[in-house]
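**Student:** Turn these sequences into a full structure, and let the hints steer you where they fit.
For the record, the sequence lines run as chains A and B. Mapped onto the numbering used here, the consecutive letters of the first sequence carry residue numbers 1 to 182. Mapped onto the numbering used here, the consecutive letters of the second sequence carry residue numbers 183 to 315.
No lab work stands behind these hints: they were computed from the structure. Values in this document were obtained by computation on a predicted structure and should not be read as measured data. Even for Gly, the Cβ is constructed at its ideal location relative to N, Cα and C. Misleading hints may appear alongside valid ones.
[What the hints assert, rightly or not] Within a straight-line C-alpha distance of at most 16 Å, the following computed EDC-like cross-link-like pairs (lysine to aspartate or glutamate) qualify:
(1) K185/B x E170/A
(2) K292/B x E282/B
(3) K184/B x E140/A
(4) K196/B x E155/A
[Said to hold, decoys possible] Partner residues are not named here, just some residues of chain A that face chain B (Cβ under 10 Å, in silico):
(5) E3
(6) L124
(7) F142
(8) L153
(9) G154
(10) Y171
(11) G175
(12) E177
(13) S178
Here are the chains, one letter per residue:
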Amino acid sequence: MKELSLHILDIFYNSLSAGADTIKIGLDTDTVKDTLTITIEDNGKGMSETFLNNVLNPFTTTRTTRKVGLGLPLFSEAAKACNGSFDIVSQLGKGTTVTAVFQNSHIDRAPLGDMAETVASMVLSLGHTRLIYTQSFNGESFTLDTREVQDILGEEVSIQSLEVISWIKEYVQSGIESIMEV
Amino acid sequence: MKKSLAELEAIRKKTLEQINLRTGREGFRVVVGMATCGIAAGARPVLTKIMELVEKEKLTDVTVSQTGCIGLCRLEPIVEVVDDKGEKTTYVKVNPEKAERIVEEHLKNKHVVKEYTMTVVDGTLIDPKVEEN
Numbered sequence: 001m002k003e004l005s006l007h008i009l010d011i012f013y014n015s016l017s018a019g020a021d022t023i024k025i026g027l028d029t030d031t032v033k034d035t036l037t038i039t040i041e042d043n044g045k046g047m048s049e050t051f052l053n054n055v056l057n058p059f060t061t062t063r064t065t066r067k068v069g070l071g072l073p074l075f076s077e078a079a080k081a082c083n084g085s086f087d088i089v090s091q092l093g094k095g096t097t098v099t100a101v102f103q104n105s106h107i108d109r110a111p112l113g114d115m116a117e118t119v120a121s122m123v124l125s126l127g128h129t130r131l132i133y134t135q136s137f138n139g140e141s142f143t144l145d146t147r148e149v150q151d152i153l154g155e156e157v158s159i160q161s162l163e164v165i166s167w168i169k170e171y172v173q174s175g176i177e178s179i180m181e182v
Numbered sequence: 183m184k185k186s187l188a189e190l191e192a193i194r195k196k197t198l199e200q201i202n203l204r205t206g207r208e209g210f211r212v213v214v215g216m217a218t219c220g221i222a223a224g225a226r227p228v229l230t231k232i233m234e235l236v237e238k239e240k241l242t243d244v245t246v247s248q249t250g251c252i253g254l255c256r257l258e259p260i261v262e263v264v265d266d267k268g269e270k271t272t273y274v275k276v277n278p279e280k281a282e283r284i285v286e287e288h289l290k291n292k293h294v295v296k297e298y299t300m301t302v303v304d305g306t307l308i309d310p311k312v313e314e315n
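**Tutor:** Written out as structure tokens, the structure is:
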């Protein structure tokens, strides 16, 4: 993957396929500790211990069209190549949390990429799932909670309307810029 | 300047007006493959481009959505266009420029962009049997 945002988008779809009601995504940069931490937490169906133990093996997948699944292994390798760490906690019926830590300044760390576009693509796929996206930079943070957006839109207007999606993209972009300016 | 959630109220009103215009019309459904293979091959900018253009051109009878792995990973990014009769056209190796033409010719003017469809890739005819692994 050329950008970290693409890994986030990919793992987000795992959470969505797991039937999560709520997906929380966090992206935290700490330039003092020199870390970039990505967490993707869902309350979906979770994984059995056996599946979890093998999930970083590329030959483990839930997809039916191919026998290989590369989403988690690619993400894990990316973090480890950047002097980082990778952790998955999962419980059947409770949900899954994926945490990847990168050395922020590491030469091999891929650029974050377009997070606003990524969040907008996620919202298009959400259905009735709630997405809470938080990005922080040295303690300053910005959050998008799709429930707040849907509450304002009411029942008749879907958050998946393209007008709303393009607004969300601009909203996230301005939110990210506001935390970087401080 | 950070945008405010309050702006959504205006979008809500505007969208409600458009929903009223839309009722009763069945149109194209556009589906973009967004599994690991699609994402790695560049599906996200394609999806974004299609969303932007459909909104800009006010193609109110077009719906845009995503799906998982379609099973032809090496031909990603894949975009499927389903018309009101359920006829499906599969576009392969799509990029934002190709997406622009698909929106313009297929979604607006209802002409399939044949050279981007599944049987022809980079000018070569693909035997569909070869794809069955």
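**Student:** Would you mind marking each hint as holding or not holding in the structure?
**Tutor:** Tested hints:
| no. | hint | verdict |
| --- | --- | --- |
| 1 | K185/B x E170/A | 8 Å, holds |
| 2 | K292/B x E282/B | 14 Å, holds |
| 3 | K184/B x E140/A | 14 Å, holds |
| 4 | K196/B x E155/A | 15 Å, holds |
| 5 | E3 | 9 Å, holds |
| 6 | L124 | 7 Å, holds |
| 7 | F142 | 8 Å, holds |
| 8 | L153 | 5 Å, holds |
| 9 | G154 | 6 Å, holds |
| 10 | Y171 | 5 Å, holds |
| 11 | G175 | 6 Å, holds |
| 12 | E177 | 8 Å, holds |
| 13 | S178 | 4 Å, holds |
Violated hints for the displayed structure: none, as all numbered hints are satisfied.
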